[in-house]
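K.L.:
Chains as they are written, first to last, in our numbering: chain A, 1 to 103; chain B, 1001 to 1202.
I should point out that these hints are in silico values taken from the structure, not numbers from a laboratory. We put the beta carbon where it would ideally sit given N, CA and C, even for glycine. Check before you lean on any hint, since a few could be wrong.
A partial selection of chain A residues facing chain B, derived with a Cβ cut-off under 8 Å [said to hold, decoys possible]:
#, residue
1, 6
2, 14
3, 18
4, 21
5, 25
6, 70
7, 84
8, 85
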Amino acid sequence: MLTIGLTHYLIVSAVLFCAGVFTMATKRNAIGILIGVELVLNSANVNLVAFDRYRAGLMDGQIAALFVIVLAAAEAALAVAICMNFYKNLVTVDVDQGDVLRG
Amino acid sequence: MSLQVGILWLCVTALPALAHEEAASGVGTGVVYAVPGGWFEAVMFYVFAGTAVLSAIGVCVSRSVVRMATWLFFALGAISVLYFLLAATFIAAIQLIVYVGGVLILLIFGVMLTSQSPWVRFTPSRLNLAVAGLICVGLLVCLSSILLEADFGAPLSTTPGVTVEAIGRRMLTHYLVPFEIAGVLLMIVMVGAAHLARQEKQ
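The whole structure should be built from the sequences, with the hints applied where relevant.
P.N.:
Here's what the structure looks like:
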């Protein structure tokens, strides 16, 4: 209990992942869904760094986490721009209203 | 802002303590940032892991987007402290700079620019909440039971401190191709985001 091991970090990461999935599934605001995605990516990063610390120790996990951070930043920038366009066209960010392409 | 300052202060005060434990155990002569074990690491882990988990649950349950962003702020800060505890100081600094300083501000700008009032609410249906909650709790139970059962073998006794120099060297030699691809991707994203967000000229 007092010795912090790999499992502690993995369980924290599992909770973060489930919280992110729940957020993505229930929020109807496009920006809210984006926040859920950020939580999921962060939980993956915690996993990578924890495995790197306790198993490999070769900093490969840390470099993978760096790449994930780069991709998450790029994704957030692009997704916010898409939200702006969504809002400009539909005057709402409710993703349920975005059914213009429905046949 | 005050949270960032507080986290940085905690890290600055925490690292010498961890390094001191390392010096006492007499292992390693190079740069060693942290060593597992001891009550200090346990207290720090439980405090900040609890903060991260509670903030993530706050993100789930709050209805207003502004509150979700605020909870995400606390979650990201606590996760960066977890990186410090994992001896990944560079990743922790990058987490603070890129996530807390960049992505979160971007999200808050998005909230401000896309809602008529900052307290705009979208209430999900009860069926939606029930199904999503059931699936997520089931997933969490499955993951936790697997993680508690799994045997990952003996942990490494000590970790050599990963310096920024080492990360840079490895990234520009072993990971050169992904590094270049990430650079090209960032440029494409920059151009694409500017194009998407551009005002159309009438």
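K.L.:
Hint by hint, which ones does this structure get wrong, listed from lowest number up?
P.N.:
Violated: none.
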